[in-house]
Structures are given as C-alpha cells and as structure tokens.
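Residue numbers (our numbering), protein chains in the order written: chain S, 1 to 469; chain W, 1 to 202.
No lab work stands behind these hints: they were computed from the structure.
Glycine included, each C-beta is placed from N, C-alpha and C at the ideal position.
Wrong hints could be hidden among the right ones.
[Unchecked claim] In silico DSS-like cross-links for lysine-lysine, where the CA-CA straight-line distance does not exceed 30 Å: (1) K9(S) / K5(W); (2) K5(W) / K163(S); (3) K187(W) / K264(S); (4) K252(S) / K469(S).
[Claimed, not checked] According to the in silico footprint, chain W covers these stretches of chain S (three or more CB under 8 Å from chain W): (5) 166-175; (6) 190-198; (7) 212-222.
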Amino acid sequence: MAPKTIIEKIWDNHLVHEEPGKASIIYIDLHLIHEVTSAQAFDGLRLNNRRVRRPDLTLATMDHNIPTTDRSVPVKDPMAKNAIETLERNCKEFGIECFNMHNPLNGIVHIIGPGLGLTQPGKTIVCGDSHTSTHGAFGALAFGIGTSEVEHVLATQCLQQFKPKTMEIRITGKLPHGITAKDVILAIIDKIGTDGATGHAVEYTGDIIRNFSMEERMTVCNMSIEAGARAGLIAPDQTTFDFVQTRPRAPKGTDFDKAVEKWKTLPTDPGAKYDKTFILDASKILPQVTWGTSPGMGCNIEGRTPDLKKVSDPALRHTYEKAMEYMGLGSNQPIKGLKINRVFIGSCTNGRPEDLRQAAKVLKGYKVAPHVRAMVVPGSQEIKNLAEKEGLDKIFKAAGFEWRESGCSMCLAMNEDILAPGERCASTSNRNFEGRQGKGGRTHLVSPAMAAAAAVKGCFTDIRKWVYK
Amino acid sequence: MEPFKTHKGLVATLDRQHVDTDQIIPKQFLKRVERTGFGQFLFYDWRFLEDGKTPNPEFELNQPRFQGATILLTRDNFGCGSSREHAPWAILEYGFKVIIAPSFADIFFNNCFKNGMLPIVLPAHVVSELFDEVNKTPGAEFTINLETQTLATSLGKKISFEVNAFRKDCLLKGLDDIGLTLQHEDKIKAFESQHSISPRAV
C-alpha cells in the first residue's frame with residue numbers, strides 16, 4: 001500500500017461515501033457547538049422536521065457571549081441573554097448535553113473538549129468556530145464549519161467535504177531560551193502569510209513539536225486557521241496518550257489500551273508525500289509581537305514596522321498604510337518600548353494552565369504599570385479552579401491583574417470585556433483584526449510571558465532579559 | 001435554496017486585500033439568533049461614521065455609483081478569519097450575489113455556496129484588469145453565466161472561470177445538501193455499525 005500521511009489516514013477512516021467529481025461524505029466523531037453559530041442551524045432542523053442524529057456525539061457550551069464577571073448576577077445584555085437561553089432551549093429540545101454558565105465544566109469550547117478527554121487521536125471533530133483546529137494537537141482532523149454545515153452535521157452526523165490538500169510544516173533547529181509555542185506559530189504565520197496554507201490541512205512535524213507539551217501543541221494548532229489552513233494537526237505520541245489517559249471521558253482500562261494500539265497506527269508513514277512543505281528554522285525565532293491588523297503582519301521585539309519606502313508592491317503598500325493608520329503607528333517604527341494601555345491573557349490560544357503559570361512566573365514580585373489595565377480570563381472554570389489551587393490567582397491579583405471567570409472574553413469582545421477606541425493591548429489571543437477587541441482598539445498578539453512583561457513595564461519589552469523574582 | 005443560473009448586475013469594487021469576516025460583520029451583531037437582519041450591518045465599522053448611522057463618504061461601497069450593486073470585485077484572501085456564516089448572510093442580504101477575487105479563505109468560500117452565492121476566483125492580473133475597467137466605466141455591469149462558466153463585461157470582455165463541477169451542479173439546481181446526504185442513509189448506518197466511537201456521555 002502506498003504510504004499515507006496522518007491526514008489521509010483519518011480521512012480514509014471516516015469515508016462514508018465517495019463518487020468521482022462529487023464532494024465526499026465523511027463521518028464526524030465529535031460535534032461541538034456554542035451559542036453564536038448554532039441557533040440558526042436548530043431553526044433549520046425544526047423547519048424541515050429533522051432530528052439530531054447523534055446527540056451523544058454532540059456537546060454544547062456557552063463561551064463567546066458570556067460575561068466574565070460574577071456568575072450569580074443575571075446577564076445584562078438582552079441579546080446575549082437571548083442567545084444563551086436559545087442554546088440551552090435547543091439543547092434541551094434535541095437532547096444535547098450543554099454546559100451552561102453555572103456548570104463547573106463550562107469553558108471555551110476548544111479548551112473543554114481536550115480537558116474532558118473527548119478530543120482524541122484519529123477523530124474527526126468539527127465546530128462552528130474557526131479555531132477548531134486546536135483539537136488537531138491530539139492527531140485529530142479538526143476544522144471549523146459554517147452554520148449550514150452545523151445543521152448538516154446535526155441532521156446527518158456527516159459532512160460533505162472535498163479532500164484537503166496536505167502540507168507539512170517542519171520546525172527544525174533548537175528553540176532559543178525564552179521562546180514559546182506562541183512565538184513559533186506567530187513566526188510561521190509571519191513567514192507564510194495569512195493565506196500560506198489555504199486549501200491545505202497542515203501537519204506540524206520536527207523535534208521541537210515532539211518536545212512540546214500538549215498545551216503547547218494546542219497553541220500551535222489553534223492558530224493554523226490564521227495561516228489559512230483548513231486544519232492543523234500533530235501526530236499522536238506518548239505525550240498525547242498520557243494527557244488523554246488522565247481525562248474523565250477518555251476510554252478506561254483495556255478500552256484505553258486498545259485505543260492506544262489504534263492511535264499508534266496514525267502517524268504519517270515514512271515516504272508519504274505532502275502536496276506542499278514549509279520548513280522553519282526555530283533557532284532564529286525572537287519573541288514575537290504583531291504590529292498590524294492581520295496575524296500575518298508579524299514582527300518581533302527587536303524589529304520595526306515595515307519601512308514603506310522599501311515596499312515596492314503598490315497593493316501591499318496600500319494595505320500597510322491602512323494598517324499603520326489604524327494602529328497609530330508610523331513606518332519603520334521600533335516595537336520595543338511601544339506603550340500599551342491594556343493586557344489580555346486568555347483565549348483558546350493561551351488560556352490553559354501552562355499559559356497562566358508562564359505569565360504568573362513573570363509577574364511574581366512585580367506590579368502592573370499604573371497606566372495599564374490588565375486582565376486574566378482562564379479558558380475554563382476547571383482551569384480557573386486549578387489555578388486558584390496553585391495560588392496563581394494570588395500572584396495575578398497582587399500584581400494588579402483582574403482575575404475573572406472563564407470565557408472567550410476580549411479575544412473577540414462580544415461581552416463587556418472590550419477595548420476603548422485608541423487603546424493599545426498586548427493580547428495572548430489569536431486575531432488582531434481591526435475592531436476585533438473593540439472598535440478602534442489596537443491589538444498586538446504576543447505570548448503570555450510577553451504580555452505579562454508588557455503589563456509590568458507598560459510597554460513591549462524583551463522577555464529574554466526578564467529578571468525573575 | 002434558490003438556483004443560481006445566470007446573473008447580470010452592477011459591479012462595486014472593494015480595493016483591499018485580506019478582508020476578514022470581523023470587518024464583513026462585526027461581532028456585536030452575531031448575537032442575533034435569526035438568519036436574517038445582517039445586511040444592514042455589513043461592513044458596519046467601515047460603512048458608517050462614529051455615530052453608527054451616517055454613511056462614511058470615504059468608504060468605497062457608499063459611492064453613489066455603487067448603489068444597487070450585486071457583484072463585488074475585491075482582492076486576495078477575501079473572507080479570512082472567523083467561520084461565521086453571518087458574513088455571507090450579510091453580504092447576500094445587502095444585495096451581492098457574486099464575489100470576484102484572486103483568492104478566498106476556505107470556510108468563507110464554502111459558506112457562500114451553501115447560501116446560493118457564487119464566489120469566482122480569477123488570476124490576480126485579470127482581477128486588476130477588471131478593476132481598471134470598472135474604475136473607468138461608471139455603471140459597469142457584468143453578466144455571469146454559471147452554465148458556460150463565463151463572465152462578460154459591459155465593454156465586451158469575455159472571461160471564463162473555473163468552478164468545481166459538483167458545486168456548480170448544486171448551485172444550478174439549488175440542491176439541499178442535507179437532503180443529498182440523507183439519500184445515503186444506508187451507508188451512514190452501515191458506517192456507524194462498524195465504526196466505534198466513545199460517546200460523550202459519562
């Protein structure tokens with residue numbers, strides 16, 4: 001048999017039907033839903049008198065809209081309240097388990113799947129959310145879908161899909177001191193652009209990826225979509241198995257051993273061909289800070305905004321000029337020392353325990369600069385509780401950070417956590433689009449450590465030179 | 001879904017690369033639980049001044065000559081970012097049936113077809129030529145024939161475009177995806193009987 005990539009293996013394992021020239025029908029093992037992209041899908045089911053085929057393979061949480069303040073206070077925003085209540089009503093009607101705001105298992109959809117052990121190697125996982133690629137860290141084929149497709153999966157547990165092209169992103173070299181998984185993925189996007197992987201499912205390979213923890217792998221896979229990728233995944237190994245084994249809803253005992261045997265057959269066969277390969281030498285990565293209004297407008301702590309005099313392509317120059325105007329930055333301006341007003345630590349990219357530990361380690365013994373408002377939003381209620389057990393909340397609070405309830409929060413600012421016009425934010429989230437964190441707000445994407453250091457200094461600073469207390 | 005066969009309409013240009021779905025429909029409008037009502041908020045932060053009501057005269061789509069346009073001509077990587085289908089819903093409700101660009105983001109591209117809209121990919125230099133023509137020709141219209149996969153401009157330029165045969169067929173017939181899949185119910189059942197998945201239930 002011809003050697004296959006992990007992407008092709010998972011695809012083939014889930015093929016229900018294929019016909020030449022048509023989209024294939026593939027089976028979906030796990031469908032995650034939330035309050036922003038599902039209401040219209042349930043309406044469609046009712047309209048056509050259809051049921052949910054596999055409520056047992058469907059799981060709902062509320063994360064995008066919910067406040068990160070005291071949960072005992074009713075949701076103030078009437079539209080958010082309606083969206084939340086609609087999800088709960090729909091789940092009840094169709095028999096789907098739903099983690100509402102008061103459930104201790106509530107959290108960001110891409111945080112709770114892995115946390116529960118539902119995210120497993122070899123699965124097909126979809127959600128009406130582009131950051132579904134996060135689950136790829138476990139060697140699952142996971143991707144975001146639109147609401148019409150959410151309805152399709154609810155009704156059929158299948159999706160019509162064209163087989164994605166495959167791309168290998170190989171990370172070579174030695175990771176320098178102080179460089180994190182977030183810096184690696186930001187550096188990749190900086191190099192290949194926000195459409196560098198469009199049409200492809202990406203497999204991340206190389207020793208650095210192998211040595212990453214599951215949480216670091218999730219950070220990398222999470223932002224695959226920011227490079228345009230359909231999905232991003234990492235072949236499972238002992239690190240993966242160890243993580244899954246301890247989770248409440250993972251297979252247990254001999255079932256787990258059997259599962260591991262199957263999972264071990266997933267990695268890409270030697271000699272398998274990818275449609276495209278990109279190699280990044282990690283030895284040269286510096287702490288990353290995006291400068292513009294697209295994750296592809298990358299820069300680093302020693303860098304400067306683009307020198308417009310040197311940009312010859314008129315379309316690109318136009319794009320850069322618009323981005324600089326929005327960001328309140330000039331041509332060829334240094335990043336180091338750039339003053340910020342806000343810090344956001346959290347999101348499905350960087351809202352996991354290791355992220356919080358990384359930031360807390362930086363903050364220990366320091367205070368947030370007087371002109372900075374900083375907040376931490378853990379990725380789930382479980383992570384919040386764990387961090388509190390470890391005493392991380394005390395470090396954050398002592399430094400002057402707001403310690404909040406879980407949710408998507410200021411990653412997309414659908415709730416009250418929002419930037420005022422002109423505010424500049426060091427954010428551990430995934431998108432720096434115009435208005436993403438609030439109309440007129442200016443977002444710079446960074447790692448949790450860089451965000452914490454910026455909070456203390458009041459401006460971007462080089463984490464490699466940080467004096468830890 | 002309404003079938004899409006041919007379409008003739010006024011062309012509007014949006015000369016920007018990497019237009020993301022956060023611009024197409026900002027997040028504050030995603031709280032609606034209906035499929036409709038998004039058109040009024042299309043490109044909200046670009047389209048309106050600070051008050052959120054007065055059209056921004058600087059924004060391209062607000063130019064008088066683009067009022068009533070049904071074809072959007074734009075640049076690379078249109079629709080990047082979030083998977084929100086509210087983006088094509090807003091574009092369609094505003095009036096656009098066809099979007100032409102050198103490239104699209106995957107999820108957005110897919111979402112268009114699910115809503116009876118046609119995204120057309122053309123080489124960047126061809127898109128640039130079309131931009132030139134529209135800029136020079138007030139009231140420029142294009143005629144798109146999906147059957148023959150051709151685009152004709154009001155100045156008589158004829159361009160052919162690629163579209164996946166399956167997607168084309170679905171658009172031409174206005175087919176319901178779910179209905180199509182359910183025709184294979186027996187295969188889904190057979191698959192389920194052999195494929196073991198640990199369900200989410202405890």
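The hints, checked one at a time:
no.	hint	in the structure
1	K9(S) / K5(W)	violated (38 Å)
2	K5(W) / K163(S)	holds (26 Å)
3	K187(W) / K264(S)	holds (27 Å)
4	K252(S) / K469(S)	violated (42 Å)
5	166-175	violated (count 0)
6	190-198	holds (count 3)
7	212-222	violated (count 0)
Consistency note: the structure conflicts with the earlier hints numbered 1, 4, 5 and 7.
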